[in-house]
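What follows is each chain in one-letter form.
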Amino acid sequence: MNKILVVDDDIDILSLVKIMLTMNHFDVEAISRWEEIDTRLHDFKPDLVLLDVSLGDADGRDICKQMRTAKETSAIPVILFSANAEMGKYIDDCRAQAFIPKPFELSYLINTIKTYLN
Amino acid sequence: MFNLRDISIKNKLILMQVFTSLLVLSIVFGVFIFTDINSYKQRKVESMISLAQVIGTNSISTLQFDDPDAAMEMLQDLHNVSPEIIRATIFNNKGEIFAQYSKPGLDSFRIKDVLKQRKFLFSGDELFVSSAITNNNEVIGKVYLDVELSELQQTKAYKLELAAVLLIIALLFSFLVALGVQTYISRRLLKLVSTMKNVSETGDYAEPLGDDGKDEIAILIQVFNKLMQQIKENQQKKDEFIGIASHELKTPLTTIKGYIEMLNMMEQEPTKKQFVEKAMLNVNKLERLIRDLLDVSKIQSGQLRLEMKEFNMNELLTETVNAVQMVSAPRIIREDKLKNEIIYGDRQRIEQVLLNLLSNAVKYSPGENKVIIDSEKTDKDLLIKIRDFGIGVTKDEQMHIFERFYRSKDTSVHFSGFGLGLYICRDIITRHCGKIWVEKADPGSIFIFSLPLKHSFKTQQTEA
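If you're matching them up, the sequences are chains A and B in order.
The first sequence runs 1 to 118 under my numbering.
The second sequence runs 1 to 464 under my numbering.
Warning: the hint list may mix true and false statements.
Simulated coverage check for chain A against chain B, where a stretch passes if three residues somewhere in it have a Cβ under 8 Å from a Cβ of chain B [unchecked claim]: (1) 14-20; (2) 37-46; (3) 99-105.
Hints listed in this document are in silico derivations from the structure and should not be mistaken for laboratory results.
A quick note: this is a predicted structure, and the numbers were derived from the prediction, not measured.
Each residue gets a CB set at the ideal place from its N, CA and C atoms; glycine is no exception.
Could you put together the complete structure from these sequences and hints?
If you want it as structure tokens, here you go:
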């Protein structure tokens with residue numbers, strides 16, 4: 001079973017994604033506080049990270065950039081998502097695998113995840 | 001009817017100055033001519049009265065000795081002394097005619113009754129003068145002179161002519177001066193007017209107008225600048241608000257959409273499934289509305305940026321048509337001859353335009369009407385034509401249909417929406433150096449947009 005770490009500061013979206021991915025046979029760890037990302041990356045060892053861009057006082061793109069520099073996490077695929085569709089145009093330098101604008105089709109989300117897991 | 005309000009401010013200023021000059025000069029010339037003629041008359045009266053007195057003095061002896069022939073002879077000499085005297089008569093103290101003279105060809109005797117009380121009288125072109133003949137304080141007769149004033153008429157005509165010529169020259173100068181001076185006032189006003197027009201047409205609040213004067217026009221310009229600044233600030237606040245609001249709206253919408261989607265997948269019972277699908281359709285509609293609102297605020301604040309890449313128009317059209325066919329009855333017919341035309345542009349935004357036009361076409365031609373897609377290729381451009389068989393667009397509507405918040409006035413066909421779709425389409429196409437317009441077809445209408453083909457895009461962009 002593939003392990004996915006979901007980070008979003010909106011609890012509702014977080015639980016929706018968790019339910020959806022669990023139903024689709026993924027092992028999901030969902031957190032709303034970005035401060036916990038480091039420990040979770042270390043403990044949970046996800047195969048893919050689903051990361052919100054606007055996380056209150058942190059920017060998902062910066063977190064993604066940091067992940068790329070650390071040896072342990074540099075190979076983990078990252079999918080960013082945001083309610084600001086324009087963000088998709090500014091993800092190049094953080095080297096995220098994909099960007100999904102909110103609101104998204106769940107099937108599209110699943111397909112994108114599957115694409116980057118293989 | 002002639003209305004002063006209809007004249008431009010420039011012409012009004014000229015007219016005002018020319019009219020003032022005309023009025024002042026007319027009064028001046030009028031007074032000048034009047035006093036001139038009056039003093040001429042005065043001089044004439046005085047000289048004629050002196051002449052009459054001289055005649056009177058000279059005829060005292062003829063009256064005393066009752067010698068009318070001598071008097072007559074003296075009167076005849078008047079012809080040489082003063083040819084303007086046309087008649088002269090001497091009365092004796094009984095009031096009988098003693099001697100008289102009249103210019104050849106004229107009737108002899110004519111005396112105005114009023115002369116019995118007065119010393120002179122102007123009547124028409126003639127001057128009548130009378131003078132009593134006295135000897136040792138005793139009136140022994142009277143002299144009457146009738147003077148023709150042909151000279152006065154000539155002077156009058158000459159003065160009037162001169163005045164008219166001077167008036168015309170003065171007015172001409174006044175016009176030229178006014179023409180020069182009016183620009184000082186009108187130029188600033190006209191600049192303000194043209195800026196205001198520009199702002200109301202484009203909605204673009206340009207730089208504040210510069211004016212270093214201290215008069216009312218300067219105040220007007222300052223107030224205008226202040227207002228524009230306030231509008232600009234309000235616009236910015238509104239844009240910020242819409243940006244934040246649509247972001248906040250999207251977040252719960254994501255959750256709603258997700259759960260409905262899951263329900264849809266799980267639900268097997270047909271009625272329930274139908275309800276869920278209805279909810280889904282409306283969530284999607286809501287999503288589009290929010291996106292349109294956000295797009296418009298981006299367009300307004302100049303934040304809409306295009307991600308330019310090369311893409312295949314045929315592929316995009318196929319994808320878009322398939323997407324529209326999924327939600328509407330499959331009645332979109334492709335008659336275009338697209339092969340592999342490459343466009344340099346923002347694929348996502350062009351897709352948005354296509355989606356908008358196609359869903360409009362489907363929406364506005366209800367029933368079993370079809371929608372036909374056609375294309376045309378020129379050296380530089382690619383034209384995509386979307387023909388519907390709906391109620392059509394009137395000539396008047398064709399002008400406004402691409403404006404913000406414009407909605408069809410035809411109340412029999414009422415569809416929801418903000419009326420932003422076509423406005424966004426026009427903005428996107430214009431940014432691609434293309435054009436978008438609508439033509440009337442029978443029945444229905446054809447929405448056409450042009451995009452420069454890849455090889456001509458760069459040159460068109462530099463020209464623009």
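Verification of the supplied hints:
no. : hint   : verdict
1   : 14-20  : holds (count 4)
2   : 37-46  : violated (count 0)
3   : 99-105 : holds (count 4)
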